[in-house]
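Let the sequences and hints guide you as you build the complete structure.
As given, the protein sequences belong to chains A and B, one line each in that order. Just so you know, we're using numbering that gives the first Met the number 0 here: the first sequence kicks off at 0 and counts up by one. Just so you know, we're using numbering that gives the first Met the number 0 here: the second sequence kicks off at 0 and counts up by one.
Hints were generated in silico from the structure; no laboratory data involved. A virtual CB, placed ideally from N, CA and C, is assigned to each residue, including glycine. Be aware that a few hints might be false.
Pairwise CB distance ranges (calculated) [stated by the list, open to error]:
(1) A:D85 - B:K7: 19 to 25 Å
(2) B:D8 - A:T79: 26 to 32 Å
(3) A:D104 - B:G133: 43 to 49 Å
(4) B:I88 - A:T93: 32 to 38 Å
(5) A:E71 - B:K56: 16 to 22 Å
(6) A:Q21 - B:I88: 39 to 45 Å
(7) A:D85 - B:F47: 45 to 51 Å
(8) A:D85 - B:L54: 36 to 42 Å
(9) B:K7 - A:V73: 28 to 34 Å
(10) B:S16 - A:E71: 17 to 23 Å
(11) A:R10 - B:I88: 43 to 49 Å
(12) B:R193 - A:N52: 26 to 32 Å
Only some residues are given here: those of chain B computed to face chain A with a beta carbon under 10 Å [to be verified]:
(13) R11
(14) H14
(15) Y68
(16) R70
(17) V74
(18) F194
(19) Y198
The residues making up each chain are set out below.
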Amino acid sequence: MPTTDMDKNLRVIADIDPVVHQPARLMILAILYVVESADFVFLLRQTGLTRGNLSSHIGKLEAAGYLEVKKEFVGKIPRTLLSLTDEGREAFQTYRQSMIQVLEDLPG
Amino acid sequence: MSEKLDLKDIERRVHHSAYQDGLLEIFLGGYLLLVGGVLVAEPELTPFSVFLVFLLKPLFERAKNRYIYPRVGYVKLRAGKTDSRGIVIGAIGFSIALLVSIGLFILGMGEEHHWSFWLDYFVPGISGFMLATGPFWLGRRYGLKRGYVLAALFSLGGVLIPVLGVAAGYTAVGVECLLAGLLSLISGVIMFTRFLFRYPPEGVPNADN
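The following block contains the structure:
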């Protein structure tokens with residue numbers, strides 16, 4: 000937990016969103032950020048994750064309010080579409096800016 | 000982790016993956032073969048064949064639903080921003096084509112030329128450039144190199160077919176559509192076949208089951 004004496008640079012690191020700051024979830028967010036929506040199979044192919052792994056991460060993102068799941072029918076075939084919510088887009092953008100700042104401020 | 004999460008590159012790759020199956024080339028090739036054949040054989044039926052384009056979209060979507068989406072999934076791409084640079088390049092290319100055509104026409108004015116001289120060379124040339132705009136836009140929008148190659152071939156074809164004496168006027172346009180359609184169809188079939196082998200329908204990784 001951040002303390003009052005914590006260097007402001009360390010505070011930025013401490014404030015990084017743990018929901019976003021996970022490689023698999025970051026991949027999912029990055030892909031959905033550049034499209035309007037995609038289905039489960041598309042994300043499976045693009046991320047290379049297993050079904051169970053992908054389902055688990057989608058569940059966490061949905062629980063955080065970053066992902067929206069919509070079911071529709073194309074003719075008689077059901078299709079489940081995933082898209083980022085406005086909160087999800089904002090969280091991803093905030094994460095990007097935080098990481099840029101963190102990496103720029105690191106010594107070395 | 001790199002501080003540069005290259006979203007433009009991710010977007011380009013996602014768009015590229017949506018056009019890797021060759022289906023667009025197959026449908027475009029088939030349509031061009033039809034229009035070209037009608038232009039060469041029965042030119043008066045051309046307007047009817049052009050309207051067939053409205054049937055293409057639903058057929059294309061059905062084919063995508065049947066063969067593509069079960070294998071690689073479905074993605075709805077975001078509407079692109081206006082490609083100002085692409086529009087400028089296209090406008091410059093078209094202007095050059097127009098100036099060259101006018102130059103050829105003026106050069107030909109010294110001798111007595113029937114208006115068909117204009118029809119024989121100008122119409123196929125302009126048609127070639129118009130055919131090229133579709134592939135060129137695909138190349139710009141989705142980073143598809145084959146789009147640029149096809150655009151260059153279509154543009155050259157519009158100029159070379161009448162100049163080399165293969166055909167002239169509307170027949171030349173028909174011949175170009177036939178050649179462009181054949182090229183597009185063959186490349187589409189090759190891509191589609193490779194796609195089907197690369198992505199079998201039950202090949203989605205499922206280590207957890």
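Subject >> Hint check against the structure, violated hint numbers in rising order >> reply: 18
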